[in-house]
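Undergrad: Order-wise, the sequence lines are chains P and B. Quick note: to get this note's numbering, add 1197 to the position in the first sequence (first position is 1). Quick note: to get this note's numbering, add 1264 to the position in the second sequence (first position is 1).
These are computed hints drawn from the structure, not numbers from a lab. Cβ coordinates follow ideal geometry from the N, Cα and C atoms, glycine included. Please note that a few of the clues may not be correct.
Label pairs and their in silico Cβ distance ranges [what the hints assert, rightly or not]:
| no. | chain 1 | residue 1 | chain 2 | residue 2 | range |
| --- | --- | --- | --- | --- | --- |
| 1 | P | V1546 | B | T1549 | 37 to 45 Å |
| 2 | B | A1426 | P | F1522 | 49 to 57 Å |
| 3 | B | A1548 | P | G1685 | 33 to 41 Å |
| 4 | B | A1416 | P | F1522 | 23 to 31 Å |
Chain by chain, the residues:
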Amino acid sequence: MSHALTGDADLPQEAVGPQETHEVDYLRAEGGVRSWLLTTDHKRIGLMFYGLVVLFLILGGLFAMVLRAELITPEPTLIEADTYNRMFTLHGVIMVWMFMIPSIPNVFGNFVLPLMLGAKDLAFPRLNLLSLYVFALGSVVTLGGAALGGTDTGWTFYAPYSTSTSTAVVPVVAGIFILGVSSIMTGLNFIVTTHTMRARGMSWTRVPLFVWAIYATSVIILFATPVLGMSITLVGIDHVYHFGIFDPRLGGDPVLFQHLFWFYSHPAVYIMILPAMGVISEVVCTFTHKPPASYKAIFISSLGIAFVGFFTWGHHMFVAGMSTFDAGVFGILSMFVAIFSAIKVFTWVATMHRGSIQFSTPMLYFLSFLFLFVFGGMTGVAVATQSLDVHWHDTYFVVAHFHFIMVGATLTGFLAAAHYWFPKMFGCLYSERVGMIGATGVFCGFFLTFFPQFLLGNAGMPRRYYAYPERFQWLNALSSGGAFLLGGALLLTLVNLLVALKRGRRADGNPWTSRSFEWMTPTLPPKHNFAVPPRIGRGPYDYHLTEEEAHARVSPG
Amino acid sequence: MRRGTVVRLAVVRLAVALALTGVGLGAGAAFAGQGGPAAAPPPGGAVALPPVARGADIEERLGQAVRKDLAFTDAAGREVRLGDYLGGDRPLVLVLAYYRCPALCSMVLRGLVEGLGRLSFTPGDEYQVLTVSFDPRDTAAAAAKKQAGVLAELSRGREGAAVSPKAWPFVVGKEAEIGALAADLGFQFAFDPATEQYAHPAAVFVLTPDGRISRYLYGADYPARDLRLALLEASEGKVGGIVDRVIMTCYRYDPATRRYGPAISGFFRLGSVGILATVGTLLATLWHRDRKQRRQEREEAGHE
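All chains should be built: construct the whole structure from the sequences, respecting the hints.
TA: Spelled out as structure tokens, the structure:
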């Protein structure tokens, strides 16, 4: 905070819009590979994360395509059963730890959080760079494990199988451990930045909702990730030394692992969703040109989800020997999440009411998000009910549910952010038409992939199975078709953005006429974001002000 | 093989109890785990035993209360009741041994004396010991003789510190009372008319101050650590200091090895407290700092 608060009061208080500075933008500030690899600029680090997570999305997506291709027919066709097991494990591991968890916070959080706070960088820029390298190292180790043959435990590493399988469990869990370290570094950095680097005049009620979401996410990361580290280390140790920590034959307890694993991995769902919700809040306000129907409702429900999320892990173990009383408590606590989520959904919808809605690609992703999130959320309430869960446990119903809620929400949030902040990150505009076609394709593909899986699960098809009875074929084929459509739409979206990088029209500073603070910087922000630390004299959603007034109230000095 | 089932049941019960505690605690992963080295298979299975020895067994009745009104006669010939040795904050270490026993009982008593001698707790002060003879033919005089010997040995183990006879009485009883107590404890023994001796298991019982069975310790040697942990456990934290409680968190009785061993859940609990404290302090400091900063800023704004 120091630079924002130390005596700039003597500076002449001219109404110089921050856009009129003539500094070189961050992309051209320094050249050469070295200037990128050793940068401490949060924007460049964000871009490097962007490259990595997109790569991992493609990789995880390719695995999914192979899995779905295999499942078109009831009998084995494309791959061996062992390969299938390894592939769905890697699909899960890559998508969870290398795409969904880092996606929005590490890419967009890194890029826009300091801009939104009026700060020149994150609080610990070097730690930020280190977290990138630790992330890269973790990914290399994990993928190295994959190259050594991968593992066939599923992304949940349930013991005692994970401690006795002959596949490469150790490198994969070691890689995940390292990824967790990176996660903690980033979370810590965001928390300290939000506390200490806010520009002058930015009170807690003027903090943009995306920042609140990232803040809540970071708190969850700090509390939960160490537990994942501990439990996954035990799996590794058990795998190598056979201590029997989780092996009942040696006096261990496999359910202990499930408790420990889900103590992290359930909150991890909120690590994935909350940032997406933050993006959605920004997108809704910008594209309806209205303040959120209730700022407080959104940020309090973010913190509420972060809190309650820690007390719901038991709902993964309803059939693993839990008393009905405990299961009831966990079920009810899980339903509280739905209450907080509903508060958010209603607030977003109410925000659109009487807004000046601008129909665009991010807005389309918002609508997909809303549908997928509500659908996934409602099925979540259903599976949080003990009696129903006994029927659906370990079936495709659960697969469909968590893909709807966490992938649907995170992916659409990620894509909304990718389009929404594209002009800010790269200074040019993408093709809106192709963007919308892509968004429609993503939604249709997604729905077509996972909706049939609800029906499959309800009809009794277990998850992670390689072959199935013939009567399930048409639904499986439908699901596979949807997956290919989803893959194609994602590819189209990627191409659209890549083409825009080369040929896109130059964007002006604020193409969406947003009031949020990151848009008050020049089109491409300079290396240190602000020539002079800004002073904030309004909220991030003050759409009642005129354009000039809105700018004037974010003044340098 | 019944013992195997019983032990397994105990694991399940422990796991469920701890899971319930975990729900209560919420924060931190406080879960059951018997992280221990490989267990020996339960004894007495495949090995051929003389018929009478098959009557010697222990069926664990953890958590069950013993009848406190059972009457016995102490070494001085007075009539006493089991309940006289219970109550207060002191857990009770109960030994079943008969005084003309040629081998095993003496080994059990010697092992117990050795373990208790190394304990920093004072008998009679932090815990109570009681020996009950399960041979109805034993007399008060035999009890007194045995008591004198055992107490002298314990006193030697405790570097000469005198042990009050009240801290470790030796009592005898009639067949009905002995039978009732043995049934309460799950202690199964058999008389062998050929040798005029009893076949019986080697174990001591640790009871809570209100007379519930808290722990069975098996064998003929009782490491001080196991005794200490069993006493801490039975006293429900009323005996011992804060350090003991932290140590207790990290150890758990492992029914598979029949020893106290490091408990994964304990380390997790400590780890979770560590995480909560670290992150909590971080957040509290930041919020505190932030509030101070804003107040300062407001004041400055007021002056402008």
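Undergrad: Take a look at whether the Cβ-Cβ distance between A1426/B and F1522/P falls inside 49 to 57 Å.
TA: 51 Å, holds
Undergrad: Taking the Cβ atom of A1548/B and the Cβ atom of G1685/P, is their distance within the range 33 to 41 Å?
TA: 50 Å, violated
Undergrad: Confirm or reject the claim that A1416/B and F1522/P have a C-beta distance inside 23 to 31 Å.
TA: 53 Å Cβ-Cβ, so the 23 to 31 Å window is violated.
Undergrad: Cβ-Cβ distance between V1546/P and T1549/B: within 37 to 45 Å?
TA: Cβ of V1546/P to Cβ of T1549/B: about 38 Å, so the range 37 to 45 Å holds.
Checked against the numbered hints given earlier, the structure breaks hints 3 and 4 and satisfies all the rest.
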